[in-house]
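Engineer: Protein chains in written order, with my numbering: chain A, 1001 to 1272; chain B, 85 to 276.
What the hints contain is simulated information worked out from the structure, not anything from laboratory work.
Remember, it's a predicted structure, so these values are computed and weren't measured experimentally.
Don't take each hint at face value.
To be verified - Computed list of lysine-lysine pairs in BS3-like fashion (alpha-carbon distance at most 30 Å, straight line):
| hint | chain 1 | residue 1 | chain 2 | residue 2 |
| --- | --- | --- | --- | --- |
| 1 | A | Lys1221 | A | Lys1253 |
| 2 | B | Lys208 | B | Lys237 |
| 3 | A | Lys1221 | A | Lys1245 |
| 4 | A | Lys1002 | B | Lys90 |
| 5 | B | Lys210 | B | Lys237 |
| 6 | A | Lys1002 | B | Lys237 |
Residue strings, one per chain:
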Amino acid sequence: MKPQAFDYARPDSAAEAVALLADAGEDARILAGGQSLMAVLNLRLAQPSVLIDISRVPDLNYVRADAGVLAIGAAATQGSVEWRTGLAAEVPLLAQAFPHISHFQIRNRGTVCGSIAHADPSAELPLCLLALGGQVVLHSRRGRRTVAADDFFQGMLMTARAPDELVEEVRYPLAEPGVRYAFEEFAGRHGDFAICAVAAVVRPDGIRLAVGGVSDRPRVKAWPRLQGADLDAAINDFAWELGAKDDHHASAKFRRQLVRHLGRTAIDRAMS
Amino acid sequence: MKTYQKNDVVRIELVLNGQRRSGTCEPRTLLSDFLRQELGATGTHVGCEHGVCGACTVMIDGVASRTCLSLAVQAEGRDIETVEGLNRDHEGLSDLQEAFRRNHALQCGFCTAGILMSCADYLKRKADPSEQEVREMLSGHLCRCTGYTNIVKAVLETAAARLGRPVGATAEADKPGHAGVGAAGQARLVNA
């Protein structure tokens, strides 16, 4: 239950961090909040040769609402977003999702960008980013690029990030007038990994439903403003498309049932 | 920029409960082990060592955090508060600790140090929490003795006393239902 030995570097700027990452090769890991990575190291599920600790990089520690998005830097903790005055008006979906993300003590230290980079299929922050159509900014010595959430999540713990790239910023679109948001989750115990989590975004002309915990990555589907049995049928089709599997947490059948029920609940709540 | 090689013996300085302390460690040393083995602060307990049980929770720069998910080198220059420092401004026990004692909010006490540190941070930010909010905060800690009822009571009692309110009066009525599912979601599950 102790990590294997590694070299440790604590850069003072984003530029230093990406230079270290480029030089260290594929065996290096970025350490931000460490709330997933340190557990993985303690269990020796990963044995990186170098840890690059960006938790104190001042130019990566910011949260700002600007140009229609809430931009969150790589060193900003989940707690610093969660306890932000006005989050419920800025990004209502995030305000609803935060209490479900692990525990208060973990959110105090875990980062938003870290959760996005980790890309756990049942994690809430990637799910919300996908539901809202957010963006991820990747920074390497070669420059910066911006990737849509749709393209970023590619599979179980797999993303569009290249080994020399740092997830420097994520951008959650700010709430728009006339659009309603709802988040629902089922987990074995409060704070556990979601067996199924859903995020609904309801516009005057359409519905977006994102589902986490069922497929190998968060998945999203868009429909016009369906209602009643048509909406149930559409959600049922989506539940089957997700390719749910049996595991020791839940059966595939139970997961599909959760998609149908939590999906409809979230959409109804957003519409009401 | 700071860099340490994996076999380096690193000297770390930090502030522990208001006192400057220093000790040596490797880059891979966990903060929990550093506090206990190097600085002798054994009030902080080590349970699961992967962030689940909450026993090792301390305040790092005033924020409740797991020390098993933090490296000692990350705590360099930081302000660390552990259970040993909780009664610094009090004679005897702090009000929170007294409330735990009055309510029998601990039995074996292994989890208690971590729980106290979480509560100390939480009550600073949220002076008047509801029972549901206290339970959500406590969900980050495993206690196998008490069943949590008395812990929740002790936390609510401390909050009420700090606000000068009669014990037992809480901020809002608590909603029934699983904390992880909205009431409507639960109804749907039951009716499925």
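Engineer: Hints first: check each against the structure and report whether it holds.
Structural biologist: To see whether the hints hold, each was checked on the structure:
1. A:Lys1221 - A:Lys1253: The given pair, whose Cα atoms are some 20 Å apart, holds under the 30 Å limit.
2. B:Lys208 - B:Lys237: holds, 17 Å
3. A:Lys1221 - A:Lys1245: holds, 19 Å
4. A:Lys1002 - B:Lys90: holds, 14 Å
5. B:Lys210 - B:Lys237: Holds, because 16 Å separates the two Cα atoms, which is no more than 30 Å.
6. A:Lys1002 - B:Lys237: violated, 36 Å
Hint 6 from the earlier list is the only one contradicted by this structure; the remaining hints agree with it.
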